[in-house]
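Chains as they are written, first to last, in our numbering: chain R, 1400 to 2011; chain Z, 2 to 434.
Possibly wrong hints are sitting among the right ones.
Stated by the list, open to error - Selected chain R positions facing chain Z (Cβ under 7 Å, derived; list incomplete):
(1) 1527
(2) 1759
(3) 1798
(4) 1908
(5) 1924
(6) 1931
(7) 1936
(8) 1937
(9) 1941
(10) 1965
(11) 1984
(12) 1986
(13) 1997
(14) 2001
(15) 2004
(16) 2005
To be verified - PhoX-like, lysine-lysine: derived pairs with alpha carbons at most 25 Å apart:
(17) Z:175 / R:1912
(18) R:1613 / R:1691
(19) R:1494 / R:1448
(20) Z:371 / Z:323
(21) R:1458 / R:1506
(22) R:1460 / Z:226
(23) Z:175 / Z:244
(24) Z:81 / Z:371
(25) R:1977 / Z:175
(26) Z:244 / Z:209
(27) Z:209 / R:1994
(28) Z:312 / Z:85
(29) R:1460 / R:1977
(30) R:1448 / R:1496
(31) Z:85 / Z:381
(32) Z:312 / Z:83
(33) R:1977 / R:1994
(34) Z:205 / R:1912
(35) R:1506 / R:1496
(36) R:1506 / R:1554
(37) R:1994 / Z:226
(38) Z:205 / R:1994
(39) Z:175 / R:1529
Because the hints were derived from the structure by calculation, they are not lab data.
Positions of the beta carbon are idealized from the N, C-alpha and C atoms, including for glycine.
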Amino acid sequence: MNKSLIILVALSVFTAPLCAQDLPIRLPHTDLADGKSTVSVDLIDEYFKQYWKQNKIKKPKVVDDHAFARRASLTINGVSTTFEELQSFANDPAKNKRSAFVDKLLKNSRYADYWGFRLRQWILELREVKGQGANFTTLYNYTRKAFAHNYPWDKIAYDIVATQGAIKWDGRSNFGIYFDGEANEMSDAAVRLFLGQNIACAQCHDHPYVDEWKQESYWGLAAFFARVEMWDGNVVAAERFDERFADIGRDERSIPTLIGGESAIDGGGGENRAIADNTDAELEMPDPENPKTVMPTTLAGRVMDPTNEPGKNRRWQFARWLVGAEENQFAKAAVNRIMVELTGHGFVDTLDGFSPIATVHHEALLDQLSHQFIESGYDVKWLIRTIANSRVFQTIASDDDSASFHWNSVPISHLFSDQCVDSVLRSTGKEVTVLATGLDIADLLKEEENNRIAKRHELIPVAAKKIQQGDFSFLADELPVVDESWKPHEISIGDEQRKTLIEKRNAYTEAGKQIAGARDKARASSSPTSVALFRMNGDYINQCIDTGNTVAETLEYETAEDRLQFLFLRVYNRIPSKHEMAALLVFADSDEPSKIKDLLWVMLQSVEFQSF
Amino acid sequence: MNHLKHRLPLQLATRRGVLQASVATTLSGLMGHSVSRVFGGEDAAGAATNEKSIVLLWLEGGPFQHDSFDPKDESNDTTKFKYKPRETSADGLRFSESLPLLCEQAHHIAVIRSMIGNEMEHNLAQYHAQTGWRNTGPISAPAMGSIVAHEMGMTPMTRANPDGLPPFVSIGRKGYSSGHFGPAYLPTVVWDPNQLPENLGLPKGVDKTTFDQRLAMLNAIESGKSQSRTRKFFDGGRANAVKFMRSSKLAAFDLSQEPEAVRAAYGDSRFGRGCLLARRLVESGVRFIQVGSESYDQHSGHHPRQDELFKRLDRGMSQLIKELDERGLLENTLILAVGEFGRTPHMNPSDGRDHWIDCYSAALAGGGVKGGISYGATTKFSGEVSDNPVTIPDLMSTVFTAVGIDPHKEYNDQFNRPIKLVDEGNPVEDILA
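Could you put together the complete structure from these sequences and hints?
Now the structure itself:
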């Protein structure tokens, strides 16, 4: 590469804008970007109005405000709702308050924190055996950012499928590393994730049921990934590795507002690997009876002309094919996935259940929603908002299949791992105590941010000089990213105070690590017995109960009735029924913290807490 | 018309569950597996008559075949073999001199020297070695321990060991996939053989009385609620957990109850203690015990690291065979010692040995197999199979046949496709008793 060009690229990275207020630890806020479009049509309600009428089904009742707030909060922000939020929501006389509540949740930074985990999980679940050394932290940095900035879904597809880069710098490049750079695994996974189709049967033989899915078309898709190369930074010389990857596909961190900060992200860093493309490799079909070179071919059998997009690699062409797949399949798969996340209802039976022969339920609605989703510019927030505002989203939850078959009740959902971990934090009042520490140390964080950015400014001329001399070692370090308009925070911390703050900061980080540990545990496969043991006897729930403020806050209420009601609202997000009040009052009728602790523990074990 | 029932063999816990079929249980609960399987419905398992147990000594990372069960007389500058073969208690059968104690138990041991693998990378190779399936596409196959837990007529929910112990315990490492059998067939994990299984003890500051009171309170809160599938799932898991906590056989996990001399005989290592715990669990009726080891993956500094690991294997495994034999339990217990692949016959420039799938060894002992024999042969430096190659599915078929499980039994997986316990493998008849 031309030397001066490198300097140009490198310096442009230095000056890339970064929000200077991005502290390494941030508290939740409600400043996320809005989606572009607003809800324009009541597509879903209109459809079901007709459908229920035709099928002689009574228009289903919708849940009350409390249940609505809990469901919306769990599905959109990944955590149960708070006592205070419930109170103000229930007392709000506004007619459109549910809609406004959804909007508020979509602007909350917890939306990005949570859906970042979901997208990461969708990717990780595509493979039973994890690939070598993928970096789950940078992957999360990317997935979180995608939701924080409301990236259009098609951009996300291009990012994940076609990125070249080093995983320590660019979370998107993990996709290839996670699949060990195996061409067919990548194409297979991308089709499952973005088209909702499972073509894996055609790996070894033509698909037994779907005529269109030939073995040759399976490998034709894999051929789009034939030129993928995995780079191992521990094998390749550092300079070569950095020269190749330091100035491409660099993706800055997206700092979560999780309780406990960045240390609350589970998964850990991977190895020093990168993914790139060469220009000449071709794919051999691994069929002993039919060994031949396969050119990139779409499922419909169209051979792609590799020369028609100069400067774009084959993976980019693959992403373009995904997004433009016949019959809006790319949009349909996304609509189906988000519908499942929010309501538990799927248009097909599994997330990858689309195929030319699959039965699609409520197909007309899917068609319309997909069309509108494309019109919105693949605006994920539009989609979530549209679904969350529908009557379907607000129907009563039921375990009864026949009740939910016509989408007149939503199936009961078990909490996902992140929903559970964060809701335990919230219900036990541990969230508030950790947050308080976070607030206390804000000054310290600002001071550190001052120093960090000041140091980056100092480094710019040094870096520029080194690059001029052909020394790229500097790039191997974290590149300084500076916003020119940045001004230092005005703070002064005394030595004594600093000592205290550092201790607090350590405590905050420690709390984050514990939360990450719980996420990790919660995600791991375990038998139902082990799950129950973890919930009853494990450190996480019990320490949250011990160190959260819920027990103390409960005892601030004078009467047993008030205490029980407070606990119900905090843990179940609802008011106890008369019957429950009568039956359970005795348990709240004590000034002993240990008794309240017992009650809180019991409520956290109950089915109601674990599902919605 | 319920499309879910039409399409899937199972009635799943929640619709979300259906759609997350690839997800295993999380803290938050069950996803994607049938309640009938979790609770051991009529279809769930075979007859509960088989009293056999299996101990898998899982030599993760890839032990070197030559220095264990496939030694050769010759060495050269490339192979740099340190160890010589040694005569054993079985006529004509030789092990490496690095395993002197196992040499004395060789009359109980059948060695397969002609194992061939397919996967060069640890994770993929371990998945293959544990399940018999290569990790491709959407197949999610159960590992050996999960298959045995399922096939030996014990589901964790209803037909568990009458004493509340789980059928499948993994010591020192987590389990592998339980595939289409669902998370109920994942193992109970004992991270440290000196301690109880994870989370079995009461939380800090909670005594037994308090715990019992809490459970009673929980029953009060939950009583009168409808018996939904969701509720059944959570209640079932908890009931089983409580039964486990209260089991009269929990002492099986307490190694301090063994005389000092016995503990010393197994060796002062995690692996050795794992072997001792395995013996105690066999005595308590646990069906499948996986004993994890520290990794045999030495790409540099082969000696003395592998020497130390073989010392641990030698002590632990030989003592396990000996004690099970003395107690009359060996005939009903099958021991299998194997890793995911072997190591290169040649020493690399860092004095290490790299992954090798062209030939490696597996050692079996006890119920269902002959002792004192070897099967298959390898070339001069234990680098290639020269006779009677054995695949991973063959090995799994052999193990299952030895304990009375039909390796070709067919199930429908979570996508309703037929899947056999073992695909295409055949038992090595020559070593079966």
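Comparing the hints with the structure gives:
Hint on residue 1527 of chain R holds. Least Cβ distance to chain Z is approximately 5 Å, under the 7 Å limit. Because the closest C-beta pair between residue 1759 of chain R and chain Z is about 10 Å apart, greater than 7 Å, the hint is violated. For residue 1798 of chain R, the interface hint holds, since its Cβ comes within 7 Å of a Cβ in chain Z; the closest pair sits about 4 Å apart. A distance limit of 7 Å between C-beta atoms decides the matter here; for residue 1908 of chain R the minimum to chain Z is near 22 Å, and the interface restraint is violated.
Against a cut-off of 7 Å between C-beta atoms, the interface hint on residue 1924 of chain R holds, since the closest Cβ of chain Z lies about 3 Å away. Using the Cβ-Cβ criterion of 7 Å, the hint placing residue 1931 of chain R at the interface with chain Z is satisfied: the shortest such distance is roughly 4 Å. Evaluation of the residue 1936 of chain R hint against chain Z yields a held restraint, the C-beta minimum of about 4 Å falling below 7 Å. For residue 1937 of chain R, the interface hint holds, the least distance from its beta-carbon to any beta-carbon of chain Z being 5 Å, beneath 7 Å.
The interface hint given for residue 1941 of chain R is met, as the beta carbon of that residue sits about 4 Å from the closest beta carbon of chain Z, less than 7 Å. Using the Cβ-Cβ criterion of 7 Å, the hint placing residue 1965 of chain R at the interface with chain Z is not satisfied: the shortest such distance is roughly 16 Å. A cut of 7 Å between beta carbons decides the hint on residue 1984 of chain R: the least distance to chain Z is about 11 Å, and the hint is violated. At about 6 Å, the closest approach between the beta carbon of residue 1986 of chain R and any beta carbon in chain Z falls short of 7 Å, and the interface hint on this residue holds.
This hint holds: residue 1997 of chain R has a C-beta 5 Å from the nearest C-beta of chain Z, less than the 7 Å allowed. Below 7 Å, beta-carbon pairs count as interface contacts, and residue 2001 of chain R has one with chain Z at about 5 Å; its hint therefore holds. A distance limit of 7 Å between C-beta atoms decides the matter here; for residue 2004 of chain R the minimum to chain Z is near 6 Å, and the interface restraint holds. A hinted interface residue such as residue 2005 of chain R counts as satisfied when its beta carbon comes closer than 7 Å to some beta carbon of chain Z; here the least separation is about 6 Å, so the hint holds.
Distance hint between residue 175 of chain Z and residue 1912 of chain R is fulfilled; the C-alpha atoms sit about 21 Å from each other, no more than 25 Å. Note on residue 1613 of chain R and residue 1691 of chain R: the hinted pairing holds, with a Cα-Cα distance of about 15 Å set against a maximum of 25 Å. Distance restraint check for residue 1494 of chain R and residue 1448 of chain R: the Cα-Cα separation of roughly 21 Å lies within the 25 Å cut-off, and the hinted pair is therefore satisfied. For the hint pairing residue 371 of chain Z with residue 323 of chain Z, the CA-to-CA distance comes to about 16 Å; that is within 25 Å, so the pair holds.
About 31 Å separates the Cα atoms of residue 1458 of chain R and residue 1506 of chain R, which puts this hinted pair outside 25 Å; it is violated. Restraint check for residue 1460 of chain R and residue 226 of chain Z: satisfied, since their Cα atoms lie roughly 21 Å apart, inside the 25 Å limit. For the proposed pair residue 175 of chain Z and residue 244 of chain Z, the alpha carbon gap of about 22 Å is at most 25 Å, so the pair holds. Between residue 81 of chain Z and residue 371 of chain Z the alpha-carbon distance is near 33 Å, which puts this suggested pair outside the 25 Å criterion.
Of the pairs offered as hints, the one joining residue 1977 of chain R and residue 175 of chain Z is violated, with about 46 Å between alpha carbons and a cut-off of 25 Å exceeded. In summary, the hint linking residue 244 of chain Z to residue 209 of chain Z is supported, as the alpha carbons are separated by about 14 Å, within the 25 Å threshold. This hinted pair checks out: residue 209 of chain Z and residue 1994 of chain R have alpha carbons roughly 15 Å apart, not beyond 25 Å. Only pairs whose Cα atoms come within 25 Å are accepted, and residue 312 of chain Z paired with residue 85 of chain Z is accepted, the gap being roughly 15 Å.
Pair hint residue 1460 of chain R plus residue 1977 of chain R holds up; C-alpha atoms about 22 Å apart against a cutoff of 25 Å. A distance of roughly 22 Å separates the Cα atoms of residue 1448 of chain R and residue 1496 of chain R; the hinted pair therefore holds under the 25 Å criterion. Taking the CA atoms of residue 85 of chain Z and residue 381 of chain Z, the gap is about 13 Å. The hint holds against a cut of 25 Å. Among the hinted pairs, residue 312 of chain Z with residue 83 of chain Z is consistent with the structure: their alpha-carbon atoms are about 15 Å apart, no more than 25 Å.
About 22 Å separates the Cα atoms of residue 1977 of chain R and residue 1994 of chain R, which keeps this hinted pair within 25 Å; it holds. The suggested pairing of residue 205 of chain Z with residue 1912 of chain R holds, with an alpha-carbon distance near 20 Å, which does not exceed 25 Å. Between residue 1506 of chain R and residue 1496 of chain R the alpha-carbon distance is near 15 Å, which keeps this suggested pair within the 25 Å criterion. Restraint check for residue 1506 of chain R and residue 1554 of chain R: satisfied, since their Cα atoms lie roughly 20 Å apart, inside the 25 Å limit.
Annotation: proposed proximity of residue 1994 of chain R to residue 226 of chain Z holds, straight-line Cα distance about 24 Å (limit 25 Å). Pair hint residue 205 of chain Z plus residue 1994 of chain R holds up; C-alpha atoms about 16 Å apart against a cutoff of 25 Å. About 15 Å separates the Cα atoms of residue 175 of chain Z and residue 1529 of chain R, which keeps this hinted pair within 25 Å; it holds.
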